[in-house]
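A.B. asks: Chain order of the listed sequences is D and U.
Our numbering puts the first residue of the first sequence at 1, with every later residue one more than the last.
Our numbering puts the first residue of the second sequence at 1001, with every later residue one more than the last.
Derived by calculation from the structure, the hints in this document are not laboratory data.
Just so you know, these numbers come straight off a predicted model, no measurement behind them.
Be aware that one or more of the hints could be misleading.
[Unchecked claim] 25 Å max Cα-Cα, derived SDA-like pairs, lysine to any residue:
{"#": "1", "chain 1": "U", "residue 1": "Lys1065", "chain 2": "D", "residue 2": "Asp62"}
{"#": "2", "chain 1": "U", "residue 1": "Lys1114", "chain 2": "D", "residue 2": "Asp58"}
{"#": "3", "chain 1": "U", "residue 1": "Lys1065", "chain 2": "D", "residue 2": "Gly39"}
{"#": "4", "chain 1": "U", "residue 1": "Lys1113", "chain 2": "D", "residue 2": "Asp94"}
{"#": "5", "chain 1": "U", "residue 1": "Lys1092", "chain 2": "D", "residue 2": "Thr92"}
{"#": "6", "chain 1": "U", "residue 1": "Lys1114", "chain 2": "D", "residue 2": "Thr60"}
{"#": "7", "chain 1": "U", "residue 1": "Lys1066", "chain 2": "D", "residue 2": "Arg137"}
{"#": "8", "chain 1": "U", "residue 1": "Lys1065", "chain 2": "D", "residue 2": "Thr92"}
{"#": "9", "chain 1": "U", "residue 1": "Lys1114", "chain 2": "D", "residue 2": "Asp26"}
{"#": "10", "chain 1": "U", "residue 1": "Lys1065", "chain 2": "D", "residue 2": "Asp200"}
{"#": "11", "chain 1": "U", "residue 1": "Lys1092", "chain 2": "D", "residue 2": "Glu27"}
{"#": "12", "chain 1": "D", "residue 1": "Lys40", "chain 2": "U", "residue 2": "Lys1092"}
{"#": "13", "chain 1": "U", "residue 1": "Lys1066", "chain 2": "D", "residue 2": "Thr121"}
{"#": "14", "chain 1": "U", "residue 1": "Lys1066", "chain 2": "D", "residue 2": "Tyr118"}
{"#": "15", "chain 1": "D", "residue 1": "Lys255", "chain 2": "D", "residue 2": "Asp200"}
{"#": "16", "chain 1": "U", "residue 1": "Lys1065", "chain 2": "U", "residue 2": "Arg1108"}
{"#": "17", "chain 1": "U", "residue 1": "Lys1066", "chain 2": "U", "residue 2": "Asn1044"}
{"#": "18", "chain 1": "D", "residue 1": "Lys255", "chain 2": "D", "residue 2": "Thr121"}
{"#": "19", "chain 1": "U", "residue 1": "Lys1114", "chain 2": "D", "residue 2": "Met77"}
{"#": "20", "chain 1": "U", "residue 1": "Lys1065", "chain 2": "D", "residue 2": "Pro124"}
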Amino acid sequence: MVVQLEIEDGPMPHWWASPNIWTVPDENPTGAVGYPQTGKPCYVWARVNNRGSTEATDATVDFYWANPAVGINPTTMTQIGTSSLTIGPDGTEDVLCLSPWYPSYINEGHLCLLSVVYHETEDPLSWNTAFSVPDDRQIAQRNVTVHPTGQTGLFHMAFEIHNASESEEHTFHIEAEQIEFHDIEQLEDLLENIVEIPQDSGEVSDLGFVSRPCPDPEDIENAEEMITTQLPPQHRDGYTVVGELYGDAAIISLKQYVDGRDDIVGGLTTIIYRGEE
Amino acid sequence: MSQITVPNRPFATEPLTGFMLPDGFFVTTLGYQAINSHFSNTSNSSILNIRIYLEGASDPNLQFKKRSYQIPQLASGASHLLSWEGDFSNVKPGIHRVSFIIEHSGRRTRVIKKIFVTEVTVDDSDTFHATMPEGELELTVLNFFEPEDVCCDFPSINTDGDAVERPLTHVGEVFEREQRDIGEFIFCPPGYLPRQIQLIYSPETPYEGQYSKFPFQDPLWKFIGGAAFVIGVVGFIIRSNQIKEKPKFKAEAGAKGKWDYPYPDCNPCEVKPYAKGSYSTSDGWLSVWFTLAVLGGGVAAFTDYKDSIRRGQENTIPSDGELTIAEQVNMSIGYPEAIIPGQSYAVDADWEYTRMTTGDSYTYSVTETPNNQHTLSTYTVDAPREIKRYNNEKFEIEAGFYDDRGNPLDDDLFVFCLLLGPNGQILRLPMQDDGISPDREPNDGVYTTELDFRSFTSSMTIGPEAMLETEKLAAEDVTGRWIYYVLAQDINTAKPDMEPEEAAKYSGGMVLTPQLSISVDGGECPVSPDGHVDVI
């Protein structure tokens, strides 16, 4: 008799883009799905599965937001609220966090949401101080932003890299790539009321990185294809991803590696669309 | 859409006594309260295998105990009451929401309902403050009527040396045992009736025009007065040694009332000063226990009619450009008739409303004699007088509630049986009229519950660790005489789509059963149980 609770990650390798966490930016928690707006109430939902053979009675789903730039761990996540859930074997249920979230403008608007599901006795959490989202079925993350390009199609988006270690220096490697629309589920919901989803994905050219927050066209021409940076403990560094959009919308994904390892330790997915900044 | 609905606003009950708080508001000062709600089958047929749980709350500081309930069958038209334990200590006052998940017939429905949370505090000047998002209400009880012969001692034997069983003996013992933080506070029955009170409402933002927003938007702000009053009574009692004048219990007829245990060596009530912030659930017990039962006297004056502040606003018109910065009501209350919960007793109310604006002050005065509208024509109680524990007999109690034509009351009531045991046990048993065993028939006005004296869920409690513990008890602990009270309170049936003015006319939480009554023309003021059962 087993309880096995899970919130599915995003499609690999974009595990941070889980479609099983979403937001309703409305006074009505059961309103239309959409993109959070700074300072306005937003309700977070999570879709939970029970892959076990036994009902999970009175399980817990916790909801958090975090600034990915500072590294995400239990001490840097801020809890939004908590919900109760009873779910049968092989069941799937949508859980509402009835406590509203009022997003702050932090990290250039790049905030991520996390949901954690567990049962105190039947399926407790396996971690206390650190977790690995792609390796842990009980936690999922949604780090998907929406960014307008303006009418020219040129875009730039600032972000930070942070070494959260207290004592060790680490080397970080960041790559960017364009991905397909179908790689991001609920795309229509995210862009509703912002822009109509085009039939085909646009093209992104000159995708790269610069170290200035407000690059000029010359910077964009000389952008680096990838970043490698060595950071002392508790240090951070800022970069800007740049490119040019052809078409109405496209999706780019930033992947973060550390110390030469192959596994992706973090990421950020951004929907670029042609609209007013 | 589910055919199981949540017809009314979820309401608060205080865990030790089980009483619903005035109009079901949650009070942060009381800390732990139960979140209660009826769930009704609105379909034309019975619904089987229902599961219901509380999913979440809009304030993350509202901590509640997770609990899923299974209801095997709910008949068409029947309502079933469910409860969840919650800690409101750190909840922000205001309107909040809770979400329930209701599952049956392969469907899952989420129902989101509002709850009202207020904070009531007392300052060093005996003024009570109720906080709400729209403003603050201050309540000062200037003086009370109290019994002429105040007796607070509870000897367990009479002057002949015989054991005396009286309804409140065990309550007093329990209360003494639960003193804890507040030292030597002594329970002082039968109670106090408000004589002169002052209410001041200060809106968060001074408003233009004739009418303020209703606090809580669709409120019974008059409840705020009641809620503050509930706790206010306690504070007043505790501070009564600081009051210079102690008015005697008297009505227009100049008669007196006295408590029902006239011991020759009655000691005067000893009270201790109340320290701000030291409010404990013992206070809640005291205040709710008898204040609700007799509160109708004061509350009736402004509960069942359009409240005095709204009426004052209707009859005072500020000049153009003036902003209302505060509103005050001074009220004197008299009691021409006995205060008997559930009956249509009259209360004399003489009140004056003052609107203070940035330009001038405006007053409006009223003298009237309203009647309590929260009435019950008849109630019956049926229960065995003896339970043989060794024969595995269960204690089953039924209580029927009827209007003046003998028909079962239509609206949902909150009914519970309070059992006081031979060793200081206090049990609170919710009673249901849902047709689920042991209740025989849904919606027949007869509420039922049962108890197995071999093992039961104890509600003897202060604090979360004691709430709803299940324990097996030894025979010697339960053998003896238990007395019981069947208590009924009405529920606020205002619908969420009502206009605030209309919704404000509804209130709930009024006690309908007359176990405690205060006479004003002499005699005793008995606290009469509904019966007793001997467990052998």
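A.B. asks: Compare the structure with each hint and give your call.
C.D. replies: We went through each hint and held it up to the structure:
no. : hint                     : verdict
1   : Lys1065/U with Asp62/D   : holds (15 Å)
2   : Lys1114/U with Asp58/D   : holds (22 Å)
3   : Lys1065/U with Gly39/D   : violated (31 Å)
4   : Lys1113/U with Asp94/D   : holds (18 Å)
5   : Lys1092/U with Thr92/D   : violated (33 Å)
6   : Lys1114/U with Thr60/D   : holds (22 Å)
7   : Lys1066/U with Arg137/D  : holds (23 Å)
8   : Lys1065/U with Thr92/D   : holds (23 Å)
9   : Lys1114/U with Asp26/D   : holds (17 Å)
10  : Lys1065/U with Asp200/D  : violated (49 Å)
11  : Lys1092/U with Glu27/D   : holds (18 Å)
12  : Lys40/D with Lys1092/U   : holds (19 Å)
13  : Lys1066/U with Thr121/D  : holds (13 Å)
14  : Lys1066/U with Tyr118/D  : holds (13 Å)
15  : Lys255/D with Asp200/D   : holds (24 Å)
16  : Lys1065/U with Arg1108/U : holds (21 Å)
17  : Lys1066/U with Asn1044/U : violated (31 Å)
18  : Lys255/D with Thr121/D   : violated (36 Å)
19  : Lys1114/U with Met77/D   : violated (29 Å)
20  : Lys1065/U with Pro124/D  : holds (17 Å)
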